[in-house]
Amino acid sequence: MLWIEGYSIMKKAPINKIIYFSNVDGPGNRTSIFFQGCSFHCHFCHNPETISLCQNCGRCVPQCPAKALRMEGRQVVWEEAKCVQCDTCIHVCQLFASPRVSWLTVEELLSRINRALPYIEGITTSGGDCTLYPDFLKELFSRMHQAGKTCLIDANGAYDFSKDSALLSVCDGIMLDVKAVLPAWHQWLIGQAPDPVLRNLDFLLAQHKLQEVRTVILPGQEEENKATVQYVAHRIQDACDYKIIRYRPFGVKEAYQKELGEMETAVEEAEAYVRLAQSLGASRAYMV
Amino acid sequence: MSDALQVIQDPTLTYRQEVLALARLGEATDHSLVYSDAYYAAKAKGALCDLNEGPMPYRPRYICPDYKLLFQKGCDFLQLDPPRDLLEAVNVLEIFYCHVPSITAYPVYLGDLDKLLEPFVIKEDRAYAKKVLGLFLRNIDRVQTDSFVHADIGPEDSVTGRILLELTEEMQLAIPNLTLRYDPERTSDDFALACVKCMLKTAKPSFANHGMFTREWGEDYAIASCYNGLKIAGGGFTLPRMRLYECALDAKSPEDFLENELPKYIDLQLEYMDKRVKFIVEESSFFKTNFLVTEGFVKQENFTGMFGVVGLAECCNHLLGIKDVKQGFGLNEEATQLGLRIMDAIEKRVSEHVAPYCDAFDHRYRLHAQVGIDSDGMDDSPGTRIPIGAEPCMLDQLEVNEKFHPYFPTGTGDIFKFEETYIKTPEAILPIIKASLARGLRYFSGYLENNDVVRVTGYLVKKSEIEKLRQKKQSLNQVTLFGMGAQDGGHALDRRIQHHEESAHQ
Chain A
1001 MLWIEGYSIM KKAPINKIIY FSNVDGPGNR TSIFFQGCSF HCHFCHNPET
1051 ISLCQNCGRC VPQCPAKALR MEGRQVVWEE AKCVQCDTCI HVCQLFASPR
1101 VSWLTVEELL SRINRALPYI EGITTSGGDC TLYPDFLKEL FSRMHQAGKT
1151 CLIDANGAYD FSKDSALLSV CDGIMLDVKA VLPAWHQWLI GQAPDPVLRN
1201 LDFLLAQHKL QEVRTVILPG QEEENKATVQ YVAHRIQDAC DYKIIRYRPF
1251 GVKEAYQKEL GEMETAVEEA EAYVRLAQSL GASRAYMV
Chain B
12 MSDALQVIQD PTLTYRQEVL ALARLGEATD HSLVYSDAYY AAKAKGALCD
62 LNEGPMPYRP RYICPDYKLL FQKGCDFLQL DPPRDLLEAV NVLEIFYCHV
112 PSITAYPVYL GDLDKLLEPF VIKEDRAYAK KVLGLFLRNI DRVQTDSFVH
162 ADIGPEDSVT GRILLELTEE MQLAIPNLTL RYDPERTSDD FALACVKCML
212 KTAKPSFANH GMFTREWGED YAIASCYNGL KIAGGGFTLP RMRLYECALD
262 AKSPEDFLEN ELPKYIDLQL EYMDKRVKFI VEESSFFKTN FLVTEGFVKQ
312 ENFTGMFGVV GLAECCNHLL GIKDVKQGFG LNEEATQLGL RIMDAIEKRV
362 SEHVAPYCDA FDHRYRLHAQ VGIDSDGMDD SPGTRIPIGA EPCMLDQLEV
412 NEKFHPYFPT GTGDIFKFEE TYIKTPEAIL PIIKASLARG LRYFSGYLEN
462 NDVVRVTGYL VKKSEIEKLR QKKQSLNQVT LFGMGAQDGG HALDRRIQHH
512 EESAHQ
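First to last, the sequence lines map onto chains A and B. Residue numbers for the first sequence follow our numbering, beginning at 1001 and rising by one. Residue numbers for the second sequence follow our numbering, beginning at 12 and rising by one.
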């Protein structure tokens, strides 16, 4: 694929967004770095524009009302200063991919986040799914460790961590999404089988690298929700936090909103799963 | 209708608020103290502002009594012996506070409450001590009915400090304002975190850069009123302010402003301050007969004049022809650099001026970033703050603050409004405060977006009390009115919220 070539040749990764101060991506104050591209296609993804990578077709360029996009050779180039964040580019894209991405080397990324270092405990790489770029992460994390900062990965669970001890050795913890455990449900919701995620769950637990597991509770999907929460709670016990996330339709593609419901998961419904997880030994379960 | 009749008929004023309003009207009828024509012209233009101090000062604007001395030797005039236990201690303070003058008629500095009361608190059962301190705080809230009343705690952890934090959170009162004097060497993370939690829920305490204040003032400094650094056993004579946007209106260019307009207004304000300081010391009776002076609770040489500025952002934007505040000061390097040049020029010229009766300060006035008043509207943002509505991300905002806060020994500060999830993650806020203080921030305030008690520009009000005024009912706190004006005219409660942007996970 084109973007994989781009990544390996230029040693650059596509960065969608940097949030300098975040209180919800691991302990303390952290800088969150969002990579573009994800191997899962979750129906409930609330920033689906980060899933696919721009293929430089140029369709969005003439449609940009702020003239923040232009073609440079065969590349779509985005000018951040002109952008008004209207999302027109995403909506006209056949892949629903954001062109508002900066391809950065580790050095270039560091030059953007260095100023935040005095204020933060560490960084969290997220996405999309940042584990599409393991070599980039290894270099970035090594540099962060030299600066005395912790590094967390927020992962969709597709990447086989057991085959990359080098990455694990420079990563302080992984926040793993376990979205579903019933195979058919996982296949429908995400487009793939759950096995790699569940293997990672066990492997990372054994390696003491799990920082947190997350499950989104979908409204009314009682059997599936219950199966996931029970499975995760049994396994993790009190080894890490278990974040029970209420489904919110904000940002979810319209077609999927219709499938999954246009309502948020009720607080009481999600709280019942927190209690379920806790009753099974996952004492660090909590709701957001 | 006469101004006096208007006061008398105003349904929203309490009796005490009426008395004070009428007193201000009376004060304004005497013009024995004459200022220059050029000063009056600048005032009429709105370039200089006396903050309604009145034409004839009869007491210093801010007074910070030496409460340690009160506890050591008592007070002859008020017939108070040194306290022997906690009840006596709070009783002595409650009485004394009623006799400390200020521009607001209420005491703007209540003392370092933890240090003063700790010897008494630790001799008592904790529950009993908490009961007494709760009544003490209630007394302050109902008797000293003005949000510029201010108490300090820290830098060290203490039983008293902890109890005060618990009570502050439980009682949800706008009065008194509260500051933690934060020192990374002396304030434990645990105590600082307790302060962050309390700050989120009640908009106080704020965090003062103890190292910075100590370097400028010595250990015996007070944080009084909004966020004013002053010397204990001293205070501030007067605080006028340059409204920098209006000062810049006649300038033909940034250079013209720096070379001609700015020095002209600085000199006018200095001349005005000199006159007032001399009047307070030489003509008014305060420094001759007030018991605070005669018994040594304040010393004249520990006072200084506070040279105020407001509206730096609008000044820079105007000089550079920037119409959109989101492209202006604080977000635009050229505008921010111009701001630094202007502050350098003000600092230099004020420091070259020999000020009367400022013996403890090398005969100099000190700069103050004034927080604005309700009538400023959107013309002049507080001090050197980035205008409300244009605030960039928190990191950018802090970096700008860190550049400007060192200019203001007599006080400056910024306020950050946090989204609800932060209540569960105070440990995500403390490192921000610590880093920023280490990098030059002077004073940090914060609160949670849905609080009832909120920080307006530097002072606290309850949103529920503002609602009372809107319904033409009275509010015991005389500052609620300013809060309503700042909300309506300056959108002061609409500041940016530090929130977790939606992350990828769902």
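Just so you know, these hints were derived from the structure itself, not from any lab. Because the structure is a prediction, the values reported are computed rather than measured. Accuracy of the hints is not assured; some may be wrong.
Said to hold, decoys possible - Listed below are the simulated DSS-like cross-link pairs for lysine-lysine, each with C-alpha atoms no more than 30 Å apart in a straight line:
no., chain 1, residue 1, chain 2, residue 2
1, B, Lys54, A, Lys1149
2, A, Lys1012, A, Lys1253
3, B, Lys289, A, Lys1149
4, A, Lys1243, B, Lys435
5, A, Lys1243, B, Lys337
6, B, Lys275, B, Lys334
7, B, Lys435, A, Lys1149
8, B, Lys414, B, Lys212
9, B, Lys445, A, Lys1243
10, A, Lys1149, B, Lys414
11, B, Lys56, A, Lys1209
12, B, Lys208, A, Lys1243
13, B, Lys56, B, Lys289
14, B, Lys334, B, Lys414
15, B, Lys334, A, Lys1067
16, A, Lys1082, B, Lys435
17, A, Lys1067, B, Lys337
18, B, Lys141, B, Lys474
19, A, Lys1082, B, Lys275
20, A, Lys1243, A, Lys1149
21, B, Lys435, A, Lys1226
22, B, Lys56, B, Lys286
23, B, Lys141, B, Lys208
24, A, Lys1209, B, Lys445
25, B, Lys445, B, Lys56
26, B, Lys359, B, Lys54
27, A, Lys1012, A, Lys1067
28, B, Lys414, A, Lys1082
Checked hints:
1. B/Lys54 - A/Lys1149: Distance ~53 Å between B/Lys54 and A/Lys1149 Cα, so the pair is violated.
2. A/Lys1012 - A/Lys1253: 29 Å, holds
3. B/Lys289 - A/Lys1149: Roughly 56 Å between the alpha carbons, so the hint for B/Lys289 and A/Lys1149 is violated.
4. A/Lys1243 - B/Lys435: 14 Å, holds
5. A/Lys1243 - B/Lys337: This hinted pair is violated, its Cα atoms lying about 37 Å apart.
6. B/Lys275 - B/Lys334: Holds: B/Lys275 and B/Lys334 sit about 26 Å apart, inside 30 Å.
7. B/Lys435 - A/Lys1149: The given pair, whose Cα atoms are some 22 Å apart, holds under the 30 Å limit.
8. B/Lys414 - B/Lys212: 29 Å, holds
9. B/Lys445 - A/Lys1243: Given that 30 Å is the threshold and the Cα spacing comes to 28 Å, the pair holds.
10. A/Lys1149 - B/Lys414: 25 Å, holds
11. B/Lys56 - A/Lys1209: Violated, at roughly 66 Å.
12. B/Lys208 - A/Lys1243: Distance ~22 Å between B/Lys208 and A/Lys1243 Cα, so the pair holds.
13. B/Lys56 - B/Lys289: At roughly 25 Å apart (the allowed maximum being 30 Å), B/Lys289 and B/Lys56 satisfy the hint.
14. B/Lys334 - B/Lys414: 23 Å, holds
15. B/Lys334 - A/Lys1067: 21 Å, holds
16. A/Lys1082 - B/Lys435: 36 Å, violated
17. A/Lys1067 - B/Lys337: 19 Å, holds
18. B/Lys141 - B/Lys474: 27 Å, holds
19. A/Lys1082 - B/Lys275: Roughly 40 Å separates the two Cα atoms, so the pair is violated.
20. A/Lys1243 - A/Lys1149: 24 Å, holds
21. B/Lys435 - A/Lys1226: 26 Å, holds
22. B/Lys56 - B/Lys286: 21 Å, holds
23. B/Lys141 - B/Lys208: Holds. B/Lys141 to B/Lys208 sits at ~19 Å (cutoff 30 Å).
24. A/Lys1209 - B/Lys445: Roughly 29 Å between the alpha carbons, so the hint for A/Lys1209 and B/Lys445 holds.
25. B/Lys445 - B/Lys56: With a Cα-Cα distance of about 41 Å, the restraint between B/Lys445 and B/Lys56 is violated, given a limit of 30 Å.
26. B/Lys359 - B/Lys54: Status holds; Cα separation ~23 Å.
27. A/Lys1012 - A/Lys1067: 25 Å, holds
28. B/Lys414 - A/Lys1082: Roughly 27 Å separates the two Cα atoms, so the pair holds.
The structure is inconsistent with the numbered hints 1, 3, 5, 11, 16, 19, 25, although it conforms to all the rest.
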